[in-house]
Structures are given as structure tokens and as C-alpha cells.
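Novice: Protein chains in written order, with numbering that gives the first Met the number 0: chain A, 0 to 370; chain B, 0 to 312.
Some clues are possibly wrong.
As the list claims (entries may be wrong) - Simulated pairs of lysine-lysine, BS3-like, Cα-Cα distance not exceeding 27 angstroms:
hint: 1; chain 1: B; residue 1: K172; chain 2: A; residue 2: K366
hint: 2; chain 1: A; residue 1: K282; chain 2: A; residue 2: K117
hint: 3; chain 1: B; residue 1: K260; chain 2: A; residue 2: K354
hint: 4; chain 1: B; residue 1: K260; chain 2: A; residue 2: K364
hint: 5; chain 1: A; residue 1: K364; chain 2: B; residue 2: K163
hint: 6; chain 1: A; residue 1: K134; chain 2: A; residue 2: K282
hint: 7; chain 1: B; residue 1: K1; chain 2: B; residue 2: K163
hint: 8; chain 1: B; residue 1: K148; chain 2: B; residue 2: K136
hint: 9; chain 1: B; residue 1: K172; chain 2: B; residue 2: K148
hint: 10; chain 1: B; residue 1: K172; chain 2: B; residue 2: K8
hint: 11; chain 1: B; residue 1: K163; chain 2: A; residue 2: K366
hint: 12; chain 1: A; residue 1: K186; chain 2: A; residue 2: K115
hint: 13; chain 1: A; residue 1: K211; chain 2: A; residue 2: K134
hint: 14; chain 1: B; residue 1: K172; chain 2: A; residue 2: K354
hint: 15; chain 1: A; residue 1: K366; chain 2: B; residue 2: K1
hint: 16; chain 1: A; residue 1: K125; chain 2: A; residue 2: K83
hint: 17; chain 1: A; residue 1: K364; chain 2: B; residue 2: K148
hint: 18; chain 1: A; residue 1: K40; chain 2: A; residue 2: K78
hint: 19; chain 1: B; residue 1: K154; chain 2: A; residue 2: K366
hint: 20; chain 1: A; residue 1: K364; chain 2: B; residue 2: K136
hint: 21; chain 1: B; residue 1: K172; chain 2: B; residue 2: K260
hint: 22; chain 1: A; residue 1: K354; chain 2: A; residue 2: K364
hint: 23; chain 1: A; residue 1: K105; chain 2: A; residue 2: K115
As the list claims (entries may be wrong) - On the chain A side, residues computed to face chain B include the following (Cβ under 8 angstroms):
hint: 24; residue: V239
hint: 25; residue: K241
hint: 26; residue: Y242
hint: 27; residue: H290
hint: 28; residue: L300
hint: 29; residue: V328
hint: 30; residue: I329
hint: 31; residue: L332
hint: 32; residue: S334
hint: 33; residue: E339
hint: 34; residue: T340
hint: 35; residue: R344
hint: 36; residue: R345
hint: 37; residue: G355
hint: 38; residue: S356
I should point out that these hints are in silico values taken from the structure, not numbers from a laboratory.
Don't be surprised by glycine CBs; every beta carbon is placed ideally from N, CA and C.
What follows is each chain in one-letter form.
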Amino acid sequence: MRFFARKIISSILFLMILMQSNLVSSFEDDSGCLLCHKYPKMGRIDENGVKRSYYVMPGVFGSTVHRNVPCTDCHNYIKQLPHKPVKTGVSCNTECHSIKNPATGKNFSHSSVYDKYKGSVHGREKVEQGLDSDKPYCITCHTNPIYNPNETEPPKRIIDRCVVCHEDREFVTNWYKHTSRRIREVKRTPTEIVQLCSNCHSDESLLQRHEKAASEEGRELGRKFPIAVESYNESFHGKVTKYGFTKAANCLDCHAKEDNYYMNVHDIRASRDPESPMHSSNKVETCRKCHTYADENYAELDPHPTSKKAGNPFRYYANIIYSWVGDIVIVLLISMALIETIGRRRDGVSWSMRKGSSWWHRSSKSKDRIV
Amino acid sequence: MKLSEEASKVVETSMRMNNIDENERNEIIQLIDRMPDSRVTLYKNVVSNPIGDLPRYSIHIRIQHMLTFVTFLTLAFTGLPIAFMDHVWAVPMNNLVGGIDVSRIIHRTLASVMIFGMVYHIVYIAYTTARLILRGKFELQRSIIPILKDVRDFKLDMLYFAGKRDQRPEMDKFMYKQKIHYFAAAFGNLVMIISGSSFIFPEFWAAILPTSMASYFQEMMRLSHPHEALLALLVIAFWHWYNVHLAPGRFPMQWTFLTGKITREHQIEEHFLEYLRNLVELPEERAYLHNLLDARELTVDSIEGLEAVGETQ
Chain A
0 MRFFARKIIS SILFLMILMQ SNLVSSFEDD SGCLLCHKYP KMGRIDENGV KRSYYVMPGV
60 FGSTVHRNVP CTDCHNYIKQ LPHKPVKTGV SCNTECHSIK NPATGKNFSH SSVYDKYKGS
120 VHGREKVEQG LDSDKPYCIT CHTNPIYNPN ETEPPKRIID RCVVCHEDRE FVTNWYKHTS
180 RRIREVKRTP TEIVQLCSNC HSDESLLQRH EKAASEEGRE LGRKFPIAVE SYNESFHGKV
240 TKYGFTKAAN CLDCHAKEDN YYMNVHDIRA SRDPESPMHS SNKVETCRKC HTYADENYAE
300 LDPHPTSKKA GNPFRYYANI IYSWVGDIVI VLLISMALIE TIGRRRDGVS WSMRKGSSWW
360 HRSSKSKDRI V
Chain B
0 MKLSEEASKV VETSMRMNNI DENERNEIIQ LIDRMPDSRV TLYKNVVSNP IGDLPRYSIH
60 IRIQHMLTFV TFLTLAFTGL PIAFMDHVWA VPMNNLVGGI DVSRIIHRTL ASVMIFGMVY
120 HIVYIAYTTA RLILRGKFEL QRSIIPILKD VRDFKLDMLY FAGKRDQRPE MDKFMYKQKI
180 HYFAAAFGNL VMIISGSSFI FPEFWAAILP TSMASYFQEM MRLSHPHEAL LALLVIAFWH
240 WYNVHLAPGR FPMQWTFLTG KITREHQIEE HFLEYLRNLV ELPEERAYLH NLLDARELTV
300 DSIEGLEAVG ETQ
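Chain A with its partners taken away, still in its complex shape (with noise of 0.2 angstroms):
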């Protein structure tokens, strides 16, 4: 008996320790970073009251798009260690040194995207103060994310499939975990991009913020600025999104370029800018992606419907007065179903019919069945 508990104890000592040389060996740490950052409680509260945690999961790191970027190619502020506190933190358009782009050979640089951010209406630096920090950096929407959420584990059979010429295991999988992630379709679905865009686009406090400031400056918003996200949820293609359906056009259909979705999704634009697909002069052209056989009068057609009467006071009268129409048919009507029960009651209709006839009662004010 004891040798058995002897047995199962340090099996399971065994194997707490291959998980924990899992854990450290996932990713390379040559700084040693690790030696601190390793700990769940280090972190702090800092100025102003927030907690601020520093701590890295070597298990979660090590399974990301970043896994193989040493820490101080992208925090190259540090110089020593210990390191001195850190006032700005990464930019995501800093030059790898250990990365080199194979295509090019230079070092590895999100900046061509991050140009194309820049310029766009959401651009802004990693620190910003004011309006501008409303809108939302890289992290905001990029969360360098597991290489695949639904796949823990690289399937063996393809993995023994590569060994068989390219002999080393974990070159393998990490080969197959880079490129598969990348050749999945693992854009976020319709449903997700109008959530998305819907955090920041129905915050009413940030929209009116942004309204406010826009007005005092005499700067002109987007038309459907203060209603983009609750307009669109109202239009059929919201509408359908919502329910899951992904062929109606979502925010990024019409908002971003078409030629290619990966960069263009971060060159959204405002629709009075000429290279927003929503400027009066490529209204009819992004229309035609979905509607093929879309014209000028179809570009008319309002995609944010509103029955706000600031948003459209004609749908605005229009809808009420549908609605009080429909309201006073229902009541006439009815009234009408009751006047005509009360009366042919009181002439002494039965309810149902029993033995060929619904008139067995008393009645009140006419002539009554012959018995």
C-alpha cells in the first residue's frame, strides 16, 4: 500500500516538474527578465490609485504571436537591471533587432502598418492627453492574441508528417504554430467588428465629449457620428449581424477599403475625406461590392437609418404617424368586436352552437327561440 502512495506522490511530484520546465522553457529569456517578472504578485498601485500588474505568464507569453522577440527588443528602454520605473511603455512601431524580415531582409517593423494607422482618423501616439486619448491605439484592438484559441496543440499527424525531413520537433511546431496562424482566417466575424467599434462608437459620454469639443472649435463631425452604432443595429444590416448572418456589410465593409482588408482596416477614414470609401465620390463604387448594380440614387439610400428626429424628422413624423394609425384601427376594431358581442348577447346568442342552434337564451329585447 505505501509503496503504492509512494508510487502515485512522486509521479505527481514528476510531473509538476515537467510542467514547470514547461513553463520556463517556453520562451526565450535571455535578459533574464523572468527572475522578477515571474512572480503573480509583482505589480503596485501607482499614482493614481490603479493597480498595475508586472506580472508575465511564461505559459500564456510563450504561446503568443511575440513568443520569440526577446523582451528588450521591444522595452529597449532598459538599459540595467534593476530597471529604473517606465514612463511610456512599448511602441508597437519599434524596430526588432533580433527579428529580421526574410522578405527584405531589414529588421522586423510593424511600421508600414503603423503608417498607415497614423494617418488615419484614429491615429495617435502610445501617450496621448485630451480628445485624442479617446481613440484607440494598436492594443486596443490587437491583444496579441494565442496563436490559435482553439487549438491548444499542433494536430500530431502533421507535425510527424514534417519531422520526417525536417527532423527537429519543436522547430516543427513552432514553424507550424507561426504559419498557421497567420493562413487561418482568424479576423474577428461580423458580430465581433461591430462590437468592436461599438465600444467606443456608442460610449455617450465619449461621443459627447467629442461633440462638444467639435462644436467650440467650429470642426465638423460625421453626420451620423453621435448615432453610428444605434442606427446601424436599427438598418437590416445590422440587424442581421447581430443575429450571427455574415455576408450583410458590417462597420469595416463600408468604412474601410476594399483592395487590401489587413492594411486598409487601419486606414479608417472620415467619410468627408476623398479616401474614405464613404465620400460622396466612392459612395456608389463601395456600394457595388455587396449591390452590384447599385447607381447614384442607391448611394442616397441612408445605411445608419434613424427615426431621431434630429438624425431624419421625415421618418421621425412618419413613424408616428404609423404608429397612431395603427393604434386607433386596433381600438376601433376591437371596440367594434365588443359592441356587437354585447348586443347579440343581449338578444340571447349562446356562446357555442348545441343542437343546430346558438340562440337558446332569454333575450332581452326581442323575440326568443320557440321551444
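The hints should help you fit chain B onto chain A, whose structure is shown.
Specialist: Structure of chain B alone, referenced to chain A:
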């Protein structure tokens, strides 16, 4: 019974149209004379078969009603969760039919069936009307087309229900209620088809309308489709179903939509002019009425006798 001028005209017209010979003519006139003066006495004393005694709707009309009725309810069931998706019932209701990918297919398919039903009805009505006109048997007041008499009937009927009159007006095959309902349904159908087509073919409508109107038209259609659908559903649920299922004398249901026949007491009460035509057209109904009048002693003389006895007692 002494017929009103209007009713006599109906009987005369009907006899002329059906080429009634002299013998039958006398028989009909005698029968009408024997009928009690009060229609109330008549419809309260006849015996009716719950599933119907007298012909009313042909098999085509019944099929058209079926097509409209089944497609309408399913269209409402698949469409309402989309139009009113903020409501708690919307998502479960949509899931019940298999989610948006399935419900949109069902909705569009059944919309086509509904349009087919409408076309079928128009063709059928046009054909039968043309045939009636050619045979010289068309009567405007027997058709569903609203006439001034309906306004008068409505007024008199309301007075009867309010207790100000002792008889309901003499109404025709289609009374005011049915005419309102028929044209409301026809109008609603048309609105649903046009607005529905503006969702599925928005480019087409935008192309054929002038620029200044295209966007207003689309907005109107976007409003009309759900508003009209909801209105129709409420009218069906609270008025039509009440009238044909729950109203006194009709409970648990009128069988007319299945058998095409109306009960005798209902025909005399609400469609008296049509009952007179039934007497002209159907010898067996004349025979029935003769027997009834004899058996229940309902003739003019016997009723007067009865009333006299009642008074002396």
C-alpha cells in the same frame, strides 16, 4: 313576410337571372309570404349543421385563404424576430426556426408563395367575374366591392347592437365587416410585397425612382414592412380570430374556411339577402324552410295566433 323593397328587388333579380319558371316563381313567392315577419324569429328557430348548410366559398377561394393564412403566419413568425430584435422573445423565436440563415430562406420562399396566392386570387376573381358578366349574372351588391349601402348597414347594425333597433339590417353576401377586412388584407398584402421587394431589390427601386424620392421611398418602406406586419397580426389575432372563433354563436370555430359552407342561422342573421337568393337557387332549401315553417308553426298566421294567446293569458 312582407319583403322590403330592396329584398324584393334581390329576389326578382335572382329569379330573372336563374330563369325561374312560373310554377317555381309562385312557389317562391308563396314561401316568402309564409315566412314570419320578423327575421329574428326565423334565424332563432332554424336548425343548422355546425359545419355549414349553404354554399358560400368555392374550393379555389378556400385554397387561396389557406395559402394566405399559412404563409402569413409563418412570414410573421420568421420576420418579427428580425424587426423587433431588441425584445426578449426575439432571439429564442429566431432560434426556434433555425437561426437567421434558415429563417431568411423560409421568409423569402413563403413570400413567393404568398405572392402566388395573391396572383391566383386576382386571376380567379377576374375570371369568375368575367364569366358572371358574360352570362348576365353579375350583381355588384353581391360582390365584395364596397357600396353606399354598407355605410347604412354599418350604422343600422350599430344601432341594433346599442339596443335602438329590433332587427339587424338586411345585409348581402359580404357584409361591411368582411369588406373592410378584405380590402385591409389586400392593401396590407400589397404594402408587404412592395416594401419586401424594396429590401430584396433595393437597387431596382432606387433605379426606377427619381433621385429626390429614392431615399424617402426606402425609408417609408423600411417603416412600412414591420408596422404593417404588426398591424396585420394584431388585426388577425384580435379581430379576425375573434369573429370566426370566439364570437358568440361562432365558438369554437366557423367551418366555412374548410367546408365552404355557412350555417343557416348565420346566413339569415347576417346575410339575409344572400339567403333569399339561396331560396331561389336551391329547391332543397325551399323544401327545408317549408317543413320548418310547418313543423314549428312559424308562419305569419300561426305566430299572430300565438301572440294573441299570450296576450289573453
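Novice: For every hint, state whether the structure bears it out.
Specialist: We went through each hint and held it up to the structure:
1. B/K172 x A/K366: 25 angstroms, holds
2. A/K282 x A/K117: With a Cα-Cα distance of about 24 angstroms, the restraint between A/K282 and A/K117 holds, given a limit of 27 angstroms.
3. B/K260 x A/K354: 18 angstroms, holds
4. B/K260 x A/K364: Violated. B/K260 to A/K364 sits at ~30 angstroms, over the 27 angstroms cutoff.
5. A/K364 x B/K163: Holds, at about 10 angstroms.
6. A/K134 x A/K282: 25 angstroms, holds
7. B/K1 x B/K163: 22 angstroms, holds
8. B/K148 x B/K136: With a Cα-Cα distance of about 20 angstroms, the restraint between B/K148 and B/K136 holds, given a limit of 27 angstroms.
9. B/K172 x B/K148: Roughly 13 angstroms between the alpha carbons, so the hint for B/K172 and B/K148 holds.
10. B/K172 x B/K8: Given pair B/K172, B/K8 holds - Cα atoms ~15 angstroms apart, limit 27 angstroms.
11. B/K163 x A/K366: 15 angstroms, holds
12. A/K186 x A/K115: With Cα atoms ~18 angstroms apart, A/K186 and A/K115 stay inside 27 angstroms; holds.
13. A/K211 x A/K134: With a Cα-Cα distance of about 16 angstroms, the restraint between A/K211 and A/K134 holds, given a limit of 27 angstroms.
14. B/K172 x A/K354: Within the cut-off at roughly 25 angstroms; holds.
15. A/K366 x B/K1: Holds, at roughly 18 angstroms.
16. A/K125 x A/K83: Holds, at about 19 angstroms.
17. A/K364 x B/K148: 26 angstroms, holds
18. A/K40 x A/K78: 24 angstroms, holds
19. B/K154 x A/K366: At roughly 22 angstroms apart (the allowed maximum being 27 angstroms), A/K366 and B/K154 satisfy the hint.
20. A/K364 x B/K136: At roughly 39 angstroms apart (the allowed maximum being 27 angstroms), B/K136 and A/K364 break the hint.
21. B/K172 x B/K260: Judged against 27 angstroms, a Cα distance of about 12 angstroms means the pair holds.
22. A/K354 x A/K364: OK: A/K354 and A/K364 at ~23 angstroms, within 27 angstroms.
23. A/K105 x A/K115: OK: A/K105 and A/K115 at ~19 angstroms, within 27 angstroms.
24. V239: Cβ of A/V239 sits 6 angstroms from chain B, so the hint holds.
25. K241: This hint holds: A/K241 lies near chain B, its Cβ roughly 6 angstroms from the closest one there, short of 8 angstroms.
26. Y242: 4 angstroms, holds
27. H290: OK, holds: A/H290 within 8 angstroms of chain B, min 5 angstroms.
28. L300: This hint holds: A/L300 lies near chain B, its Cβ roughly 5 angstroms from the closest one there, short of 8 angstroms.
29. V328: 6 angstroms, holds
30. I329: 5 angstroms, holds
31. L332: Holds, because the Cβ-Cβ distance from A/L332 to chain B comes to roughly 4 angstroms (cut-off 8 angstroms).
32. S334: Violated - the Cβ of A/S334 stays beyond 8 angstroms from chain B, reaching only about 10 angstroms at its closest.
33. E339: 6 angstroms, holds
34. T340: Hint holds; A/T340 Cβ to chain B Cβ min 6 angstroms, cut 8 angstroms.
35. R344: This interface hint holds because 6 angstroms falls under the 8 angstroms limit.
36. R345: 7 angstroms, holds
37. G355: 4 angstroms, holds
38. S356: The hint holds - A/S356 has a Cβ within 8 angstroms of chain B, the shortest such distance being about 6 angstroms.
The earlier numbered hints that this structure contradicts are 4, 20 and 32.
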